[in-house]
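Chain A is already provided as a structure; the job is to place chain B on it using the hints.
Protein chains in written order, with UniProt numbering: chain A, 1 to 606; chain B, 1 to 459.
No lab work stands behind these hints, which were simulated from the structure alone.
Ideal Cβ placement from N, Cα and C applies to all residues, glycine included.
There may be inaccurate statements among the hints.
[Unchecked claim] Label pairs and their calculated CB-CB ranges: (1) 581/A with 435/B: 56 to 62 Å; (2) 110/A with 45/B: 40 to 46 Å; (3) 161/B with 587/A: 38 to 44 Å; (4) 586/A with 427/B: 55 to 61 Å; (5) 547/A with 338/B: 51 to 57 Å; (6) 13/B with 586/A: 26 to 32 Å; (7) 13/B with 592/A: 56 to 62 Å; (8) 427/B with 587/A: 56 to 62 Å; (9) 442/A with 339/B: 45 to 51 Å.
[Unchecked claim] Calculated pairs, DSBU-like style, for lysine-lysine (alpha carbon to alpha carbon, straight line, at most 30 Å): (10) 3/B with 93/B; (11) 20/B with 3/B; (12) 93/B with 427/B; (13) 427/B with 119/A; (14) 452/B with 75/A; (15) 418/B with 119/A; (16) 20/B with 427/B; (17) 300/A with 418/B; (18) 119/A with 455/A; (19) 358/A with 512/A; (20) 585/A with 572/A; (21) 418/B with 3/B.
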Amino acid sequence: MNMFSSLMLASLSVLTLPIMSSILNTHKNSTYPHHVKNIISYAFITSLVPTMMFIHSGQETIISNWHWMTIQTLKLSLSFKLDYFSMIFVPVALFVTWSIMEFSLWYMHSDPYITRFFKYLLTFLITMMILVTANNLFQLFIGWEGVGIMSFLLIGWWYGRTDANTAALQAILYNRIGDIGFIMAMAWFLFNTNTWDLQQIFMLDPNLTNLPLLGLLLAATGKSAQFGLHPWLPSAMEGPTPVSALLHSSTMVVAGVFLLIRFHPLMENNKTIQSLTLCLGAITTLFTAICALTQNDIKKIIAFSTSSQLGLMIVTIGINQPYLAFLHICTHAFFKAMLFMCSGSIIHSLNDEQDIRKMGGLFNAMPFTTTSLIIGSLALTGMPFLTGFYSKDLIIETANTSYTNAWALLMTLIATSLTAVYSTRIIFFALLGQPRFLPLTTINENNPFLINSIKRLLIGSIFAGFFISNNIYPTTIPEMTMPIYMKLTALTVTILGFTLALELSLITHNLKLEHPTNMFKFSNLLGYYPTIMHRLPPLANLSMSQKSASLLLDSIWLENILPKSISQFQMKTSILISTQKGQIKLYFLSFLITLTLSMLLFNLHE
Amino acid sequence: MLKIIIPTIMLMPLTWLSKKNMIWINTTTYSLLISLISLSLLNQPNNNSLNFSLMFFSDPLSAPLLVLTTWLLPLMLMASQHHLSKEPLIRKKLYITMLAMLQTFLIMTFTATELISFYILFEATLVPTLIIITRWGNQTERLNAGLYFLFYTLVGSLPLLVALISIQSLTGSLHFLLIQYWNQALPDSWSNIFLWLACMMAFMVKMPLYGLHLWLPKAHVEAPIAGSMVLAAILLKLGGYGMLRITMMLNPQTNFMAYPFLMLSLWGMIMTSSICLRQTDLKSLIAYSSVSHMALVIVAVLIQTPWSYMGATALMIAHGLTSSMLFCLANSNYERTHSRTMILARGLQTLLPLMAAWWLLASLTNLALPPSINLIGELFVVMSSFSWSNITIILMGANITITALYSLYMLITTQRGKYTHHINSIKPSFTRENALMALHMTPLLLLSLNPKIILGFTY
Chain A
1 MNMFSSLMLA
11 SLSVLTLPIM
21 SSILNTHKNS
31 TYPHHVKNII
41 SYAFITSLVP
51 TMMFIHSGQE
61 TIISNWHWMT
71 IQTLKLSLSF
81 KLDYFSMIFV
91 PVALFVTWSI
101 MEFSLWYMHS
111 DPYITRFFKY
121 LLTFLITMMI
131 LVTANNLFQL
141 FIGWEGVGIM
151 SFLLIGWWYG
161 RTDANTAALQ
171 AILYNRIGDI
181 GFIMAMAWFL
191 FNTNTWDLQQ
201 IFMLDPNLTN
211 LPLLGLLLAA
221 TGKSAQFGLH
231 PWLPSAMEGP
241 TPVSALLHSS
251 TMVVAGVFLL
261 IRFHPLMENN
271 KTIQSLTLCL
281 GAITTLFTAI
291 CALTQNDIKK
301 IIAFSTSSQL
311 GLMIVTIGIN
321 QPYLAFLHIC
331 THAFFKAMLF
341 MCSGSIIHSL
351 NDEQDIRKMG
361 GLFNAMPFTT
371 TSLIIGSLAL
381 TGMPFLTGFY
391 SKDLIIETAN
401 TSYTNAWALL
411 MTLIATSLTA
421 VYSTRIIFFA
431 LLGQPRFLPL
441 TTINENNPFL
451 INSIKRLLIG
461 SIFAGFFISN
471 NIYPTTIPEM
481 TMPIYMKLTA
491 LTVTILGFTL
501 ALELSLITHN
511 LKLEHPTNMF
521 KFSNLLGYYP
531 TIMHRLPPLA
541 NLSMSQKSAS
551 LLLDSIWLEN
561 ILPKSISQFQ
571 MKTSILISTQ
581 KGQIKLYFLS
591 FLITLTLSML
601 LFNLHE
Chain B
1 MLKIIIPTIM
11 LMPLTWLSKK
21 NMIWINTTTY
31 SLLISLISLS
41 LLNQPNNNSL
51 NFSLMFFSDP
61 LSAPLLVLTT
71 WLLPLMLMAS
81 QHHLSKEPLI
91 RKKLYITMLA
101 MLQTFLIMTF
111 TATELISFYI
121 LFEATLVPTL
131 IIITRWGNQT
141 ERLNAGLYFL
151 FYTLVGSLPL
161 LVALISIQSL
171 TGSLHFLLIQ
181 YWNQALPDSW
191 SNIFLWLACM
201 MAFMVKMPLY
211 GLHLWLPKAH
221 VEAPIAGSMV
231 LAAILLKLGG
241 YGMLRITMML
251 NPQTNFMAYP
261 FLMLSLWGMI
271 MTSSICLRQT
281 DLKSLIAYSS
291 VSHMALVIVA
301 VLIQTPWSYM
311 GATALMIAHG
321 LTSSMLFCLA
331 NSNYERTHSR
341 TMILARGLQT
351 LLPLMAAWWL
361 LASLTNLALP
371 PSINLIGELF
381 VVMSSFSWSN
391 ITIILMGANI
401 TITALYSLYM
411 LITTQRGKYT
421 HHINSIKPSF
431 TRENALMALH
441 MTPLLLLSLN
451 PKIILGFTY
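For reference, chain A alone in the conformation it holds in the complex (with noise of 0.2 Å):
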């Protein structure tokens, strides 16, 4: 017995004590940002060492640590899965997150409030940990739950805000509507395999899965924004920039990826879901590949293609290459989360301007966030040699000589190519040319915090898919050989997109203006989705509570029938029935009458 599971478990359980102490009050409020960042840099280090150990041999673990309860013949612990893909992605996540606590001590130093916002982000990454090494669906349930409800409070941070708030509803429902499939999944392995161990199920290797692949596809689809739920991605923007980096790039967007690289045993042999995988992921990564290329916010040009990226991911695990998906997570995260802080530096540089039309010519003003921007980009277009070269590019060759559906594959391509197109529109619009932002502004970034963070990262960018996918075994092999021009694809669409997103953005200096294309409008209103999904059905819906729901079933019918009605018929029969109607006057007036008659004739008599 070696070190390996303690290791790891008290590099997770090092992260709890920053909560701990917050609850114990130990710590004094003003270090208490810089102790959180200290603390997950210890975890990092020390998940190193299991990481290692596990290259190495290659000996994969199950923890099983608290009896929680037994259900009947359900058994449920406390279990951690320590095999590849949560040895690897820890260690990604924890350095990840490392530098963007630092980030965020810059990024969020004039905070009253920057205390809890590291408390947030710490326990959101504990979410993510659960997440990650859960071993069975209860546990990652949680850790899946976890992350949402974190999200939801990171989006909506700025909660004076309208739009915060609405979009941090918008995450929810959004994960929610993904929650079904995961909870159907769930039942249905209840169901079937009495077992909610991930190894069980495997085991027993049940037939028939289309229903619960179905059911864990939606819950993807939730989370990882595929099409269909993908507005609430960009829309989360609104949260501060750390948290577009943390959750909305790296860690919390990928565990729908993560959860279908999770069931992939269960997933190989079923050819509908994978094809139904691939189209999902097809459209996904050119329609938000669109969606990104007309936009003007910067921070949004990077969510669209951080929903590119999944898309992309998707693909993979549609042609059944759920390591090179795996590998494309840990590589993605390195190079997204320093594009995100490399805008946030921008836009905070910038008094908080995200238009990249009033950017312009920052390479002298701020020469290494260009540096690093520049890099980030040229890493995420899958250039030779940078970090996503390794993941992407054997992506789209795999894909290329593979025998699956030519059409998702063109998609891919073409998505492939615009992801060149919207970077060099960032590069061109916020780096290049003349400045557009105010003359008084001041810019500075010459902070340690964010040179530091984004230094990390920006070697993480070069070097991390060197590292990751010299350690990667894929278990489907993928072609080794194929015809040059195969080989040549993706660089040849991805210098292509390039060079006509250059000429292009030169161009547009010397055209005249014009009214707007419907293509334009397609993109810019981001294919019209939200514009329609986010007012018929809702409107229908409420429209629906208030007046048949609330006026209708529950005012009319059902008040007026059952009590109103009664109350009413016995009023009136007894009205109708008594003969004493209440009418003081008339009753004493013939009283009166009759009295005096009588008197009169009695007085008249003598």
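The following block gives chain B in isolation, referenced to the frame of chain A:
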């Protein structure tokens, strides 16, 4: 069992003999002690029940509900203090007496061994509740609400009396413990269908079943805080408890009689959740959310599998604590803004950050965030309904989504956004209020560590 019942009865003389400034402290402390004593009932060493006498018993189903009842009395007392601060002393004492009386009846209802005595005590709980609603409610509509409350429940439960007498003459006993072993299948006849209806309707109205739920929002909205708390937390659960108990003797009629009620509950669950989305009145929203959650319990009880029974029991306890906490939070808003309208309380997070944390926790448990016991309850119900019929997952899923939406809508409307000027001068939250919320939240969190004890008799 007398060691819980007699101290609870003695709460009344305690109230009347206490000095003026001690009435709240004495009764709260004393009732908290009673609830600590009742905790020992949660330890059910053998699988059957703990029989204390011929009259009273407790088993894994009634014990959690009983503990919830005793736990809630100190909380109700704490919550009502501000509401009653302007009343004369004698009325305060009367109010506390009513609460103690209600508590006594409830304890005896949950522990009764005999169906007739259960029935009598079940009806007896109406009296103090009615007095609390109609005497201490805030608006004039309280009288109407009291009327609805009384009539719905009475109309539902009178047939039960007839049915019970008929069963008594048929089988010779209405003893819960005997019924378990004396269980005979009812012959398939028209009269037995009516017997089934008579037995179930009383509890369905109490739950309430969709369609018979109108009394609940009215009573909840008009009742004073303690009334809302006890209604949501315990009185609704009487229905669930009764259904769980009585379905044992109604086989095999339940197998086919359940369908219309299952449909109605599944439909009603969506409808009432949708109504929540359009509510502007905070208390009414929480009340409708109770109806929607209780519909899940009805579904679970009618499906009649071990998993669904566990889910029903867990959901009842979880919902008892959560909804009671939500009512307390609504009341703390009401005491500050003097309105139940949600939009008037927006932006409270800026002013009362700790209260916002309680709001957040309460909303999260209400939408069943894992690993809270609300989730365990809901998950078990969803599992059992899925295995009953796969299609129900669509309705259940829709309900889960809508529940999350209205819970967070409630949270966002009351806590987030820009604060309005009229709440500039509100009082800060009292320690009493924070303690109240903490006492709701702690059991919820602790129970999720060990949910075994609230999973009922099928665990």
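Okay, which hints does this one fail, numbers in order?
2, 5, 6, 21
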